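Student: Protein sequences appear in the order of chains A and B. Mind the numbering: the first sequence is residues 57 to 230 in the numbering used here, read in order. Mind the numbering: the second sequence is residues 57 to 230 in the numbering used here, read in order.
Everything labelled a hint here was simulated from the structure, so no lab data went into it. In this text the structure is predicted, and so the values were computed from the model without any measurement. The beta carbon of each residue, even a glycine, is placed where N, CA and C say it ideally should be. Hints may contain errors.
As the list claims (entries may be wrong) - Listed next, the in silico SDA-like pairs over lysine to any residue satisfying Cα-Cα at most 20 Å (straight line):
#1 A/K222 with B/A73
#2 B/K69 with A/R80
#3 B/K69 with A/P220
#4 B/K69 with A/P72
#5 A/K69 with B/K173
#6 B/K127 with A/P220
#7 A/K69 with B/K127
#8 B/K69 with A/T146
#9 B/K173 with A/R80
#10 B/K127 with A/T146
#11 A/K69 with B/L183
#12 B/K173 with A/G219
Said to hold, decoys possible - Which chain B residues stay away from chain A? Per the calculated CB distances, all over 10 Å, these:
#13 E58
#14 S141
#15 L155
#16 M167
#17 A197
#18 M210
Protein chains: 2
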Amino acid sequence: MEFQLGEAIDILKRTPATLNSLLRDAPVEWVMGNEGPDTWSPYDILGHLIHGEDTDWIPRARIILEHGEAKAFEPFDRFAQFEKSKGKSTAELLDEFELLRRKNLASLEQMKIDSGKLALRGTHPQLGGVTLSELLSTWVAHDLSHIAQTVRVMCRQYSEAVGPWKAYLPILSA
Amino acid sequence: MEFQLGEAIDILKRTPATLNSLLRDAPVEWVMGNEGPDTWSPYDILGHLIHGEDTDWIPRARIILEHGEAKAFEPFDRFAQFEKSKGKSTAELLDEFELLRRKNLASLEQMKIDSGKLALRGTHPQLGGVTLSELLSTWVAHDLSHIAQTVRVMCRQYSEAVGPWKAYLPILSA
């Protein structure tokens, strides 16, 4: 499927409600459980998504629009949430994400992105040349990837509880 | 994590809202797109979840409570949705799932399941001996597994659109 701005915005708008329905007021072990050492819980993933709203998608789009390829993006800190989320409840993180997403989609609107702008190029510190269209596509895919991860982590809490049905649930063994 | 009925019900209650926030009024290609030949779209998955509400979880729990191991479960048709969903809109399927889930959770409540009942055994036509606790755990894990699948299928619609970022999104290559 090719990137379409309207459709991308439609999907991006859905993520706060999806995370709310999965996690708000959910039993604590379902929110804090992970997949073992050095893996993330739904709570950790939520903090990671917030850090992306703060420092990744819209700030990088601005760099492309203002500087093109001349200025590389700031590297993204994939572990910032372990400090940043400290002391915050899941409900606070969900509220924060919802607010930031709304603010960022408003900023996106103000950029008045057309097909000419979508083709503009920027510089990723590791990947090299990328387009604005690829950045915005990645925003969408990154959301969906981490929703899928959140749900997988929750699912695996019942890896043993399902007994012999484990054989029919490849998500529990992959 | 061990099975706990109250927590399982909490998770099962969330699924209709999660599917709504992902799929209701979403762009049609995001709902109907699949991962290639003989794979399922979010629309197909929704039909499969509905068929589970109709024929799997509560009917099998009843067989365990009424017949124990003496009567094997009916085999579950994993492809029933391809006929059953015909002519129905995504919104109709979402409504149908929500209604059936509410009805089935009410039936579950009426079963007054305690720890003694959770240990009761039934007979799966392929897997052999299973417990009511394992059946109910599988209901939860099956929901989460298919939500994760739904989101993965959506994510993969942008496998190419993300350009070089594909290297950072293992969900697109797995």
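Student: Each hint should be assessed against the structure and marked as holding or not.
Tutor: Verification of the hints:
With a C-alpha separation of about 26 Å, the suggested pairing of A/K222 with B/A73 is violated against the 20 Å cut-off. With a C-alpha separation of about 12 Å, the suggested pairing of B/K69 with A/R80 holds against the 20 Å cut-off. Using a Cα cut-off of 20 Å, the hinted pair B/K69 and A/P220 is violated, with the two alpha carbons roughly 24 Å apart. A C-alpha spacing of about 18 Å is found between B/K69 and A/P72, which places the hinted pair at or below 20 Å, so the restraint holds.
The suggested pairing of A/K69 with B/K173 is violated, with an alpha-carbon distance near 43 Å, which exceeds 20 Å. Restraint check for B/K127 and A/P220: satisfied, since their Cα atoms lie roughly 18 Å apart, inside the 20 Å limit. Distance restraint check for A/K69 and B/K127: the Cα-Cα separation of roughly 48 Å exceeds the 20 Å cut-off, and the hinted pair is therefore not satisfied. Of the pairs offered as hints, the one joining B/K69 and A/T146 holds, with about 19 Å between alpha carbons and a cut-off of 20 Å not exceeded.
Restraint check: the Cα-Cα separation between B/K173 and A/R80 comes to about 30 Å, which exceeds 20 Å; the hinted pair is violated. Of the supplied pair hints, the one linking B/K127 and A/T146 is violated, its CA atoms being roughly 45 Å apart against a limit of 20 Å. For the proposed pair A/K69 and B/L183, the alpha carbon gap of about 42 Å is over 20 Å, so the pair is violated. Taking the CA atoms of B/K173 and A/G219, the gap is about 16 Å. The hint holds against a cut of 20 Å.
With a cut of 10 Å on Cβ distances, B/E58 falls inside the contact zone with chain A, its closest approach being about 6 Å. Every C-beta of chain A lies more than 10 Å from that of B/S141, the closest at about 22 Å, which supports listing it as non-interface. Separation of B/L155 from chain A is adequate, the least Cβ-Cβ distance of about 17 Å exceeding the 10 Å criterion. For B/M167, the condition that its CB be more than 10 Å from all CB atoms of chain A holds, with the nearest at approximately 18 Å.
With a cut of 10 Å on Cβ distances, B/A197 falls inside the contact zone with chain A, its closest approach being about 5 Å. In this structure B/M210 is not separated from chain A by more than 10 Å, as the shortest Cβ-Cβ distance comes to only about 5 Å.
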